[in-house]
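Construct all of the structure, not just a fragment, from the sequences and the given hints.
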Amino acid sequence: MGFPVYWMITTSFKPKGDILSTNPTLLPRSFTLSNYVEAVTKEGFVRALINSLIVVFFTVTISLFVALFASIAVARMKFKGKRTYVATILLVQMLPLSALLIPIYLLLSRFNLTDKLSGVILTYLAFVLPFVIWTLRGFLVNIPAELEEAALVDGCTRPQAYRLVLFPLMAPGLVATAIFAFIQAWNEFLLAYIILSSQDNATMPIWLAGFTNRFGTDWGPLMAASTLTALPVVIFFTRIQDKIATGVTAGAVKG
Amino acid sequence: MSIGQSNISRPRKIKPWPYLLVTPSLVALGLILGYPIIKLFSLSLERYGLSEIIAGKGVFVGFGNFSEILTDKDFWTILERTLFFTFGMVAVSMIVGAWLAHLMLNMHSKIRNVLNLVLILVWAMPQLVSISVWRWLFSFEFSIVTEVINKLGFNMDKHNYFVNTLSGFLIIGGCVAWGALPFITISIYAALTQVPQDLIEAAEIDGANPRQVFRNIIFPMLLPVYVILISLSTIWDFQVFSHIWIFLDSRPSAEYYTIAIYAFQKSFGLSEYGKGAAISIVMIVALIGVTGYYLRQMMKMGDE
Chain A
73 MGFPVYWMIT TSFKPKGDIL STNPTLLPRS FTLSNYVEAV TKEGFVRALI NSLIVVFFTV
133 TISLFVALFA SIAVARMKFK GKRTYVATIL LVQMLPLSAL LIPIYLLLSR FNLTDKLSGV
193 ILTYLAFVLP FVIWTLRGFL VNIPAELEEA ALVDGCTRPQ AYRLVLFPLM APGLVATAIF
253 AFIQAWNEFL LAYIILSSQD NATMPIWLAG FTNRFGTDWG PLMAASTLTA LPVVIFFTRI
313 QDKIATGVTA GAVKG
Chain B
31 MSIGQSNISR PRKIKPWPYL LVTPSLVALG LILGYPIIKL FSLSLERYGL SEIIAGKGVF
91 VGFGNFSEIL TDKDFWTILE RTLFFTFGMV AVSMIVGAWL AHLMLNMHSK IRNVLNLVLI
151 LVWAMPQLVS ISVWRWLFSF EFSIVTEVIN KLGFNMDKHN YFVNTLSGFL IIGGCVAWGA
211 LPFITISIYA ALTQVPQDLI EAAEIDGANP RQVFRNIIFP MLLPVYVILI SLSTIWDFQV
271 FSHIWIFLDS RPSAEYYTIA IYAFQKSFGL SEYGKGAAIS IVMIVALIGV TGYYLRQMMK
331 MGDE
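Heads up: the protein sequence lines correspond to chains A and B, in order. Quick note on our numbering: the first sequence kicks off at 73 and runs consecutively. Quick note on our numbering: the second sequence kicks off at 31 and runs consecutively.
The hints are all genuine.
Simulated DEER-style distance windows between Cβ atoms: (1) Gly282(A) - Asn190(B): 24 to 32 Å; (2) Phe151(A) - Ala121(B): 31 to 39 Å; (3) Leu98(A) - Gly86(B): 54 to 62 Å; (4) Ile230(B) - Leu125(A): 41 to 49 Å; (5) Asn184(A) - His132(B): 47 to 55 Å; (6) Leu98(A) - Ala121(B): 24 to 32 Å; (7) Leu300(B) - Val306(A): 36 to 44 Å.
With a straight-line cut-off of 25 Å between C-alpha atoms, the simulated DMTMM-like cross-links for lysine to aspartate or glutamate are: (8) Lys114(A) - Asp90(A); (9) Lys330(B) - Glu218(A); (10) Lys88(A) - Glu110(A); (11) Lys181(B) - Asp90(A); (12) Lys45(B) - Glu218(A); (13) Lys188(B) - Asp90(A); (14) Lys88(A) - Asp279(B); (15) Lys69(B) - Asp187(A); (16) Lys88(A) - Glu177(B); (17) Lys88(A) - Glu171(B); (18) Lys188(B) - Asp290(A); (19) Lys88(A) - Asp187(B); (20) Lys45(B) - Asp226(A); (21) Lys45(B) - Glu221(A).
Cβ-to-Cβ under 7 Å is the rule here; a few derived chain A residues that face chain B: (22) Val138; (23) Ile144; (24) Ser170; (25) Leu179; (26) Leu194; (27) Leu197; (28) Leu201; (29) Phe261.
These are computed hints drawn from the structure, not numbers from a lab. Keep in mind that this is a model prediction, so the values were computed, not measured. Glycine is no exception: its CB is placed at the ideal position from the N, C-alpha and C atoms.
Pasting the structure below:
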């Protein structure tokens, strides 16, 4: 299962002559860092890195905020039109992206948002939100409402009850959904490719695509750059997973 | 308990809170997707080809595009193929994912951490890159897979895996299922760790065997997670586009058409945008049909 990952990482350390070999070997024959040097010094690396970080930051924080509100309403309250709302959220997930590309582009260009990171962020929000709302709802229903209600009885206002009682208990859920939104925004290619045109605004996946041109793919630097691109996700995820684990074992639900 | 009941019996008036909480998400979705969805529907009722692009206006044809598609034999073959392909990928990724998650639960924590890291790495690989690597692994000239098979004594020499559509679809589907594994495994594993241990112990003390524990305790508690994962996977796998597109060098032959590729080809290959839009809508309807059961389950969950 890890083989493609293994292949990416080992290739990133292979000298050029060993990479596209007609008799490839499982174990690398020699070791070099030149691919990494080439990848990092390739034009646009820092720019793309910063752009991607900006896109990820806003997509994750805004979608979590908006989804948190919505999921509280869906999981905790009864209201007229809830069924319709839930159905809308579910149906939006079924829209084929490939069919919406052009109308989305036309819409963004009308509001002068093409070739802007804000345009990409807005679009990502729309595609990430339904999933984030639905997952957060899932985490919320597992937390007994009695806990907040006890806080209300003790004299908290509703926002206070949420802030002091509910949100801390939701931390693992928030984190898990944050990871999902992070990976989506960090790795998305097609929409970014259509919306962004200038090199200054390229995100990491677009910059990565630059290693392939009509003469073929520059595998060594591409694999080095891809390994570097995967790194932030791995760091983000492993740091956060400890928190998930402690959140789960905290046992706040029992009792 | 008494607190919950007093809440229900409170006199009903329209509360603004839920609507205020839901509004931002609806605004965000409506702003970005509202116009594109309307546009998609209106396009599907028009003839919109090259001459209409130049004129800047489509010709209204009512349901003409739809009747043309639904009477087209190719369409039904493609739909059937897409359904088989989707079912295969969902089944494989769900079964392997669930199996891995259960393994993880009983693993030594060191091995679990390694497996976890591999899963995250698979997830973290940019899709474009992971597809390219898979393509390279099974390429005609530089394939490590062919090389290993040859080393094992089977003589395949240079083998083109995509001449045979079955092996082609197996590889592409394998790549899709592989990419879906981290999300599925990690979700099921997270849900498994939430099953209260004392419940299982109590059942074991009462003499339940592992299979009974699974069927009567673990499975019912995991059911909501399975429902969500299966429906999301079905939605995602049904729409698979980039995999087929990249594996087959941006020009898949007709035997490799799935409905997403077909819609794209009609729109951008043949510039029949109206028909392409109509296919997309048929695709959404088919998807609703396929996931209908799960959707209803999810709606019910939403009502709780």
